[in-house]
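Chemist: Each protein sequence line maps, in turn, to chains A and B.
Residue 1 is where the first sequence starts when you use the numbering used here, and the numbers rise one by one after that.
Residue 1 is where the second sequence starts when you use the numbering used here, and the numbers rise one by one after that.
Mixed in with the good hints there might be a few duds.
A pair counts as met if it fits within one copy or between any two copies, since identical chains are not told apart.
Said to hold, decoys possible - Below, simulated DSS-like cross-link-like pairs (lysine-lysine); rule was C-alpha separation at most 25 Å, straight line:
(1) Lys325 - Lys124
(2) Lys124 - Lys283
(3) Lys236 - Lys394
(4) Lys81 - Lys20
(5) Lys342 - Lys369
(6) Lys390 - Lys325
(7) Lys390 - Lys151
(8) Lys229 - Lys138
(9) Lys81 - Lys236
(10) Lys342 - Lys370
(11) Lys198 - Lys138
(12) Lys151 - Lys138
(13) Lys325 - Lys229
(14) Lys390 - Lys91
(15) Lys91 - Lys356
(16) Lys356 - Lys2
(17) Lys369 - Lys129
(18) Lys369 - Lys124
(19) Lys198 - Lys84
(20) Lys2 - Lys198
(21) Lys91 - Lys138
(22) Lys357 - Lys342
(23) Lys229 - Lys103
(24) Lys20 - Lys393
Keep in mind the hints are simulated off the structure, nothing from the lab.
Listed below, chain by chain, are the residues.
There are 2 protein chains.
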Amino acid sequence: MKQKIVIIGGVAAGPKITAKLLRTTDFDCSIDLYTDEDVISYSACGLPYYIEGVIPEAEKLIVRRPQQFEQQGASIHLNKKCIKILPEEHKILVQDTITSEIKEVEYDKLAITTGARPIIPSIKNINLKNIFTIRTIKDGIAIRNKMLESKHAVILGGGYIGIELLEAFHANHLHTVMIEREPHILSLFDPEISDMIKEQILAMANVNNENNVEIITSDAVAAFEGNEKVEKVITKSGRVIETDLVIIAAGIRPNTEIAAEAGIELGVSNAIRVNNRMQTSVKDIYAAGDCTENFHLVSRNYVWIPLGSTANKQGRCAAVNITGKYDAFPGILGSAVTKFDKLSISLTGLTETEAKKFGFDVITSTMTKKDKAGYMPDAADITLKLVVDKRFKKILGAQAFGGGDADKRVNTVASAILAEQTIDEFLHLDMTYAPPFSTAVDPLLSAALLISNQIYK
Amino acid sequence: MKQKIVIIGGVAAGPKITAKLLRTTDFDCSIDLYTDEDVISYSACGLPYYIEGVIPEAEKLIVRRPQQFEQQGASIHLNKKCIKILPEEHKILVQDTITSEIKEVEYDKLAITTGARPIIPSIKNINLKNIFTIRTIKDGIAIRNKMLESKHAVILGGGYIGIELLEAFHANHLHTVMIEREPHILSLFDPEISDMIKEQILAMANVNNENNVEIITSDAVAAFEGNEKVEKVITKSGRVIETDLVIIAAGIRPNTEIAAEAGIELGVSNAIRVNNRMQTSVKDIYAAGDCTENFHLVSRNYVWIPLGSTANKQGRCAAVNITGKYDAFPGILGSAVTKFDKLSISLTGLTETEAKKFGFDVITSTMTKKDKAGYMPDAADITLKLVVDKRFKKILGAQAFGGGDADKRVNTVASAILAEQTIDEFLHLDMTYAPPFSTAVDPLLSAALLISNQIYK
């Protein structure tokens, strides 16, 4: 019997579910995807690189167009916002964002992939022109256009998106000030690692003491000032910063209000709780992507770490289970990467701070070493911090930054963490070596040896 | 009581043992290292990059100088060849390579780190000038000097060193012919992967149909011709190739004759058999580096895969055990990497060919995908082949080639293989994602999904 599959949300997980269902030839279904945007299936993670000018056209960020899905038999409904889920009746209410017309849509199985949205802090005059959040392609185009005629920018928030826009603005010769309310940028990293990263960013950006980039921590914006458009940012400590544009990148929240209203259980940070088949607490309703919480495989706690890589895996998993087959998404390690210019910044598992918070007794090692044989002209420093459980010797996490392939070393540790390897086992890892690729003893193994030396004095 | 530690061989494992012993402050010993060369502790793996001109001076390949060790209390004896080991008497005989004088040296513990040497095939006129092998810094300097005045080169052997010299000669605008007696170059890879690599090398080198590089397989050299110096290479199939220089890179053999004479057990390829503390079959004699055989952790067979990365680990392990503490080197995965220009080429674990030979029933997947988000201008193709045990689903091996970080993906698989992960477990690997670093679903996970799709149809 043909099943009606309805999907709400069109950025990453929704299109992934659609694509996987379309490829599943032995499952008879109709597919209707509703989105309140006028575009689907785009790489939001790519927006900073469009703004920077690395990607020439915003169009390139579109992975699949509605027509492609329609040709394969799915129905894509643009500018249609889901305003209510009626689980008992297996229906949703959808409102046309242009005509405001409301329509009932029946489903046999529903997938919620509504993603997340930027948090807008309540700051005086936040509605002035040229104050932007970044989520959609339209946001990206507006920011780029404004950036091209600007000389000064302010970024609120020192997370991944903040760092990526800092790179974009710096590359386009804007004087840019980042304001982070916490004492450290990149608060997912251990504080001393954050500080090392901050120093390197400032050193790279302000070579020749040009002071192109400023990073302010432990301060927040008190008010924006300007005549229609933003002209000044006033911080709580009293700094007055002239600016042509402002980016609000101070966190996101999941779009889960309609799910909550429908009685679907929420978890950490109000993200939707799902089991490892991506089923919500309500029958026949699945969820995937940034709107769901995640089980952290190392801390054994529920967390909300919304990432594009996870959205893709969850989308696939949801689709397989919707068809009645079995697939599981057991959880995440929190692996992530960003960069500023040539500085890769990445982590996986738990930081020392988190590990202690979750009750682990840890040994750590931090070391800096060349990523390639020292005599290779493009050898660059890479700094690695490993966090290991003191009693059981299991690897809990890794943080890395530097030139070259800092992030790829983190993936190699992620593989070991997933396998619950001890540092003793990990030390026997046979890594590839040739002078253009690594040192004879890879930085990763050197960091592991430092841990081993602490254990077996 | 002060122990006399004697080390024979000075390239990689020997200096590593010396360095580790010098750092072990709670072990009282004298350290005497004997080498038949006039230099120690150099990166033989770096020679192709010196020849190419990437590294400006051969000196840069020297990791540690004798003086550095001497200042720390070790004695380094250059130009002293060990000609006999007398295990009963705990002595070795050492001959001065300049004066021919022979001396007895006592030891409490002996470490054999004599490495390996190129195999010289018996070919007519092999003693003509400008026919080189590559092992020492002197070889590297001689090859570079000859290359700089040459237009044509021939390389015998299509292994890692062959490929690296092909890059060096090609970058220096020599017309170069590689001759490999087997049907495929890089015979450690599966044949169809070798062939894809070969095609890519030829396409990169011969852009605009310049025919700068030729690769001949299933043919061998019958004779060299020339007046004092080599001028022509005659192959068994009758090809006559004019050349200014020839490199013999047709394999190496371990330097284990003196070990065998002393009654030390040899294993595969006449490499020295060691246990996982790097102890040979003879009391108080250790061995490490290219002269030892290895236990392959996947095939569970003894193999001889001499690599610099292994030499370093074994050297460290031998040193720790020499001091009476415990360290183990359980074996290798055979991870290796090389490159031609921007094409990284690497592998770990077993190929399909090897896995079948060792009695595994396998599933494989081969896929080509961009290494970064497709819209990033520097996104490059990466091809991955995974080999998985059909019954137990354990990952057995990976081969990768392409632009970007092909080799780093292989290290991530190596970590999973070491941990004996199944493909089901590996699929849950949380890899870092951002557009400049990978695709939302990393090529590695895509390859793993292809396997999974075969298993769970």
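Chemist: Of all the hints given earlier, name the ones this structure violates by number, lowest first.
Modeler: 1, 2, 3, 7, 9, 11, 13, 14, 15, 16, 17, 18, 19, 20, 21, 22 and 23
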